[in-house]
Amino acid sequence: MSAWWTVMRKELLDAFRDRRMVMMAFLLMPVAVPLLIAGLGSIGAKRQAEKLEKTLELPVIGVEHAPNLVAWLGTNDVRVLPPPADPDAAVRDQEYAVVLRIDSGYAEDWRAGRPASVELIYDSSRPMQSGTTIARVRALLGGYDRQVGTLRLIARGIHPSVMQPLRIADRDVATPDSRFDFAQQMLPYLLLLLAFIGGMQLAIDATAGERERQSLEPLLATPASREAIISGKILATAVFTLLSVLITLVMFRVVFAFVPTEHADMSVDVPWPALARLLVVVLPVVLLGATVLTALAAFARSHREAQGYLPLLMFLPMLPTLYLMVSPVKTQLWMLAVPFLGQNQMILRILRSEPVTATDWAVSLGAGLVLVLAVWWIAARLYHREQLAASS
Numbered sequence: 009m010s011a012w013w014t015v016m017r018k019e020l021l022d023a024f025r026d027r028r029m030v031m032m033a034f035l036l037m038p039v040a041v042p043l044l045i046a047g048l049g050s051i052g053a054k055r056q057a058e059k060l061e062k063t064l065e066l067p068v069i070g071v072e073h074a075p076n077l078v079a080w081l082g083t084n085d086v087r088v089l090p091p092p093a094d095p096d097a098a099v100r101d102q103e104y105a106v107v108l109r110i111d112s113g114y115a116e117d118w119r120a121g122r123p124a125s126v127e128l129i130y131d132s133s134r135p136m137q138s139g140t141t142i143a144r145v146r147a148l149l150g151g152y153d154r155q156v157g158t159l160r161l162i163a164r165g166i167h168p169s170v171m172q173p174l175r176i177a178d179r180d181v182a183t184p185d186s187r188f189d190f191a192q193q194m195l196p197y198l199l200l201l202l203a204f205i206g207g208m209q210l211a212i213d214a215t216a217g218e219r220e221r222q223s224l225e226p227l228l229a230t231p232a233s234r235e236a237i238i239s240g241k242i243l244a245t246a247v248f249t250l251l252s253v254l255i256t257l258v259m260f261r262v263v264f265a266f267v268p269t270e271h272a273d274m275s276v277d278v279p280w281p282a283l284a285r286l287l288v289v290v291l292p293v294v295l296l297g298a299t300v301l302t303a304l305a306a307f308a309r310s311h312r313e314a315q316g317y318l319p320l321l322m323f324l325p326m327l328p329t330l331y332l333m334v335s336p337v338k339t340q341l342w343m344l345a346v347p348f349l350g351q352n353q354m355i356l357r358i359l360r361s362e363p364v365t366a367t368d369w370a371v372s373l374g375a376g377l378v379l380v381l382a383v384w385w386i387a388a389r390l391y392h393r394e395q396l397a398a399s400s
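So that you can map any letter, position 341 of the sequence shown is 349 in this note's numbering, and since no number is skipped, the others follow by simple counting.
None of these hints come from the bench; they were simulated from the model. Hints should not be assumed to be uniformly reliable.
Stated by the list, open to error - Label pairs and their computed distance ranges (CB to CB): (1) R146 to L381: 53 to 59 Å; (2) L377 to D85: 57 to 63 Å; (3) M322 to P168: 57 to 63 Å; (4) T367 to N84: 51 to 57 Å; (5) D85 to V258: 41 to 47 Å; (6) A177 to W280: 14 to 20 Å; (7) G374 to V258: 23 to 29 Å.
Please read these numbers as outputs of a predicted model, since none were measured by experiment. Beta carbons: idealized from backbone N, C-alpha and C, even for Gly.
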């Protein structure tokens with residue numbers, strides 16, 4: 009039996025004996041995170057639907073200046089409330105999402121055919137709490153504005169189409185899959201992060217931990233080559249991480265199958281073939297993460313020092329996701345060869361059901377594996393250091 013295979017089996021057996029490591033790798037991130045995100049998303053969608061469907065309670069200042077407008081709002085499921093004593097403070101204190109103020113000169117401007125003034129008082133710093141209500145009030149006022157404007161034109165013998173020199177039609181070519189906003193923004197980062205550092209505990213324990221327990225030196229004294237030993241440890245970390253990623257993908261598929269989408273024109277159902285392709289996409293990241301973590305564990309002088317590199321490692325998968333969120337770009341072939349960026353773009357293509365060519369696969373997987381080999385060479389050189397077996 010090959011030395012690397014023996015080392016890999018030994019490390020995996022040790023890992024699965026550690027209940028805390030198994031809980032972290034196979035329950036906390038893969039199971040808890042999808043459940044949390046799906047639950048929050050479902051609650052958010054339900055609350056937004058409730059705000060759109062229930063009667064809108066709108067405080068109005070100056071009701072006496074525009075009785076027709078107030079009556080029209082009442083016919084559109086709006087309940088007009090008395091105004092608060094201090095409208096600005098009431099909005100800031102979240103007593104009301106928005107307050108409508110009708111200008112005292114509204115009636116005079118209305119009779120003169122001039123634009124009559126109304127004002128919306130709201131707090132734009134709380135879009136999640138009040139954004140839906142503000143948009144609803146704006147839409148109602150806009151509808152009233154268009155209705156009255158049309159009637160005024162007809163009263164003057166002018167056809168309303170005169171004010172519409174363009175007839176704009178919408179033809180949205182987006183599919184429900186491509187409108188999966190959560191997948192486009194969050195799922196790539198979560199997958200890449202888990203693929204890159206999901207086996208951190210195993211990788212650190214297999215080198216830095218064994219060195220502190222003084223069990224690494226007997227292993228290095230065996231006839232097995234250092235390359236075979238480190239390859240076995242890297243593959244054990246990669247297999248452990250890949251299982252964690254697989255459970256994560258399956259849980260996303262299962263959990264989001266129960267997320268209600270009747271109020272959302274998007275898809276949260278990722279097909280099983282797409283999940284298999286996602287697993288292939290992150291495979292180079294899994295191998296890269298296992299190799300980098302093993303190299304860091306060999307470089308660090310203690311288990312604690314190796315864990316100190318975690319914030320830096322967590323930052324690396326964030327870069328492409330954050331950049332694409334603020335500055336979306338059209339995918340170029342060379343981007344697929346960039347670590348993390350290429351995998352991010354490939355994940356987005358798969359989630360959006362866009363075609364992925366054989367060339368795209370070759371560039372993404374090939375560049376990733378070449379980088380893995382380069383980092384493996386560095387890690388192997390670190391394993392040849394004499395001070396590796398000495399505990400700090």
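query = Which of the numbered hints above does this structure break?
reply = 6
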